[in-house]
Amino acid sequence: MAYQTSIWPIAAVMISLLGAIPILLSGRQPNLREGWTLVIAVGKFLLIASMLPAVLAGGGFVFTLAEVLPGVPIQLRVDAMGMFFALVASFLWIFTSIYSIGYMRSLEEHGQTRYFASFAVAISATIGVAFSANLFTLYLFYEMLSLSTYPLVTHEQNAEARASGRKYLTYILGTSIGFALPAMLLTYSLAGTLDFTSGGILVGKADAATLTLLLILFVFGFAKAGIMPFHGWLPAAMVAPTPVSSFLHGVAVVKVGVFSILRVVFHIFGPDLLGEFHLGTALTVLASITIIVASLVALTQDNLKRRLAYSTIGQLSYMVLGAGMLTAAGMTGGMLHIAMHAFGKITLFLCAGAIYVASHKKYISQMDGLGRKMPVTYTAFLLGSLSIIGMPPLGGFISKWNLVIGAVDGGSLLLLLVLLVSSLLNAAYFLPIVYRGFFAASPEGAEAEGIKEAPLLCVIPLSVTALGSLALFFFPDTFLQLVRLTLFP
Numbered sequence: 038m039a040y041q042t043s044i045w046p047i048a049a050v051m052i053s054l055l056g057a058i059p060i061l062l063s064g065r066q067p068n069l070r071e072g073w074t075l076v077i078a079v080g081k082f083l084l085i086a087s088m089l090p091a092v093l094a095g096g097g098f099v100f101t102l103a104e105v106l107p108g109v110p111i112q113l114r115v116d117a118m119g120m121f122f123a124l125v126a127s128f129l130w131i132f133t134s135i136y137s138i139g140y141m142r143s144l145e146e147h148g149q150t151r152y153f154a155s156f157a158v159a160i161s162a163t164i165g166v167a168f169s170a171n172l173f174t175l176y177l178f179y180e181m182l183s184l185s186t187y188p189l190v191t192h193e194q195n196a197e198a199r200a201s202g203r204k205y206l207t208y209i210l211g212t213s214i215g216f217a218l219p220a221m222l223l224t225y226s227l228a229g230t231l232d233f234t235s236g237g238i239l240v241g242k243a244d245a246a247t248l249t250l251l252l253i254l255f256v257f258g259f260a261k262a263g264i265m266p267f268h269g270w271l272p273a274a275m276v277a278p279t280p281v282s283s284f285l286h287g288v289a290v291v292k293v294g295v296f297s298i299l300r301v302v303f304h305i306f307g308p309d310l311l312g313e314f315h316l317g318t319a320l321t322v323l324a325s326i327t328i329i330v331a332s333l334v335a336l337t338q339d340n341l342k343r344r345l346a347y348s349t350i351g352q353l354s355y356m357v358l359g360a361g362m363l364t365a366a367g368m369t370g371g372m373l374h375i376a377m378h379a380f381g382k383i384t385l386f387l388c389a390g391a392i393y394v395a396s397h398k399k400y401i402s403q404m405d406g407l408g409r410k411m412p413v414t415y416t417a418f419l420l421g422s423l424s425i426i427g428m429p430p431l432g433g434f435i436s437k438w439n440l441v442i443g444a445v446d447g448g449s450l451l452l453l454l455v456l457l458v459s460s461l462l463n464a465a466y467f468l469p470i471v472y473r474g475f476f477a478a479s480p481e482g483a484e485a486e487g488i489k490e491a492p493l494l495c496v497i498p499l500s501v502t503a504l505g506s507l508a509l510f511f512f513p514d515t516f517l518q519l520v521r522l523t524l525f526p
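Take 38 as the starting number for the sequence shown in the numbering used here and just add one per residue.
Treat the hints with caution; some may be incorrect.
Listed below are the simulated DMTMM-like cross-link pairs for lysine to aspartate or glutamate, each with C-alpha atoms no more than 20 Å apart in a straight line [what the hints assert, rightly or not]:
no., residue 1, residue 2
1, Lys242, Asp232
2, Lys410, Glu490
3, Lys204, Glu193
4, Lys398, Glu197
Here are the computed distance ranges between Cβ atoms for each label pair [to be verified]:
no., residue 1, residue 2, range
5, Gly211, Tyr400, 27 to 37 Å
6, Leu83, Leu507, 20 to 30 Å
7, Thr234, Ile214, 20 to 30 Å
8, Ser235, Val105, 17 to 27 Å
9, Leu144, Leu177, 42 to 52 Å
10, Leu144, Pro219, 38 to 48 Å
11, Leu55, Ala86, 37 to 47 Å
12, Pro430, Pro469, 15 to 25 Å
13, Ile58, Ala465, 17 to 27 Å
14, Arg151, Gly269, 48 to 58 Å
No lab work stands behind these hints: they were computed from the structure.
From the three backbone atoms N, C-alpha and C, an ideal C-beta is built for every residue, glycine too.
Sequences are here, hints too, so could you generate the full structure?
Printed below as a string of structure tokens:
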């Protein structure tokens with residue numbers, strides 16, 4: 038693959054980082070502040086999308102900032118895998134920004150300037166991870182994302198938020214420093230490089246025991262992926278405002294964790310090396326346990342955001358499961374699920390926030406009959422749910438279909454059973470919410486509450502993302518091309 042030196046990769050990262058400055062300076066002028074937020078969001082997406090044709094043609098872009106160690110530069114590279122993730126994250130940030138304006142204004146939230154500025158820094162770190170050319174650069178942006186999202190998690194500034202923030206940093210920073218950093222240093226000592234390379238950089242560099250240790254350190258070190266037992270930060274972080282939960286814990290933070298693991302699997306180890314030492318089995322075992330346990334816990338949650346949080350923990354492991362299958366269809370399904378889950382889950386979180394804005398209800402048991410008062414929101418919730426369950430004609434069907442084919446191709450009836458049982462559990466914890474909303478009788482006196490749809494700035498984004506899940510079923514070609522270029526260059 039031919040890469041040309043260009044400023045576009047660094048520009049794609051920096052546009053929102055520098056954009057945090059005018060956002061902060063216009064804090065006393067909300068319209069101007071939010072205008073900056075939208076201009077930066079749209080500009081970031083368009084800049085990233087402008088590089089797509091070159092990537093689809095088999096090319097890419099590279100920018101080197103500095104070389105800190107021999108053979109270890111801080112370097113950005115736009116390749117197919119990075120473009121895949123960057124397109125999803127930057128596109129959905131536009132609608133999260135629009136939604137944030139409606140949500141934060143409707144609830145008259147405090148600290149809105151800090152909120153929008155922190156969001157801008159966080160999306161810069163996310164795109165930095167997507168476009169990292171090596172493990173060292175990825176690690177720097179990974180940590181930047183952890184620190185920049187802390188003010189968002191603790192936004193409410195109460196005792197619960199501060200406790201959740203401490204738990205968040207303990208899990209995220211503790212694992213990255215305790216596990217991922219030593220794994221990166223060991224990788225460098227073995228391979229003499231940290232560059233992401235097709236086929237991996239560890240072939241012939243270590244024995245089975247060392248490679249097994251490395252893989253486990255990386256999987257648990259990137260705890261943003263929510264692999265059990267290092268998942269506790271995610272439900273705790275639901276104390277944050279819903280737009281934070283929707284984007285950072287449905288798209289950016291959690292997907293950065295999975296993306297980092299997939300980078301290691303595809304471009305540090307390489308599928309062939311993992312297959313040679315049967316290390317894919319370790320990935321599938323960890324992922325399968327997380328999928329089933331998280332789905333069972335989700336069934337028990339009455340708080341809507343916590344149910345969505347445990348659903349996310351399980352869904353993230355579908356992506357790791359696909360990578361661990363080491364079959365073409367399985368790896369394709371795992372990577373595709375990054376996009377399909379992002380559109381579906383952000384829709385569900387946005388719906389949860391719209392329900393709270395309109396009714397101030399957080400518990401599923403209190404939401405009987407709300408669907409009749411908020412039909413657009415609940416229809417969007419249904420579409421997002423069906424996508425994550427894996428039902429056609431929603432995008433989630435395509436990724437889950439590939440995962441099923443991957444399990445069959447690999448001859449693993451156990452993984453096939455995990456996929457089928459977990460999809461039934463997905464339906465069991467999502468569909469009753471929709472049923473209760475549309476068909477259950479409203480509590481006595483609820484008809485007089487005057488509940489109606491949330492403001493348009495909340496309803497429009499969730500409608501767009503729900504329709505996006507529908508569109509991805511019919512038009513998945515761009516993402517499929519990027520996946521093929523990643524796995525079969």
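The hints, checked one at a time:
1. Lys242 with Asp232: holds, 15 Å
2. Lys410 with Glu490: holds, 7 Å
3. Lys204 with Glu193: Between Lys204 and Glu193 the Cα gap is close to 15 Å, so the pair holds against 20 Å.
4. Lys398 with Glu197: Given that 20 Å is the threshold and the Cα spacing comes to 19 Å, the pair holds.
5. Gly211 with Tyr400: 27 to 37 Å: holds, 32 Å
6. Leu83 with Leu507: 20 to 30 Å: holds, 24 Å
7. Thr234 with Ile214: 20 to 30 Å: holds, 25 Å
8. Ser235 with Val105: 17 to 27 Å: holds, 24 Å
9. Leu144 with Leu177: 42 to 52 Å: violated, 35 Å
10. Leu144 with Pro219: 38 to 48 Å: The hint (38 to 48 Å, Cβ to Cβ) holds, given that Leu144 and Pro219 are roughly 43 Å apart.
11. Leu55 with Ala86: 37 to 47 Å: violated, 20 Å
12. Pro430 with Pro469: 15 to 25 Å: holds, 22 Å
13. Ile58 with Ala465: 17 to 27 Å: violated, 47 Å
14. Arg151 with Gly269: 48 to 58 Å: Violated: the Cβ-Cβ distance is about 26 Å, outside 48 to 58 Å.
In this structure, the hints that do not hold are numbers 9, 11, 13, 14, in rising order.
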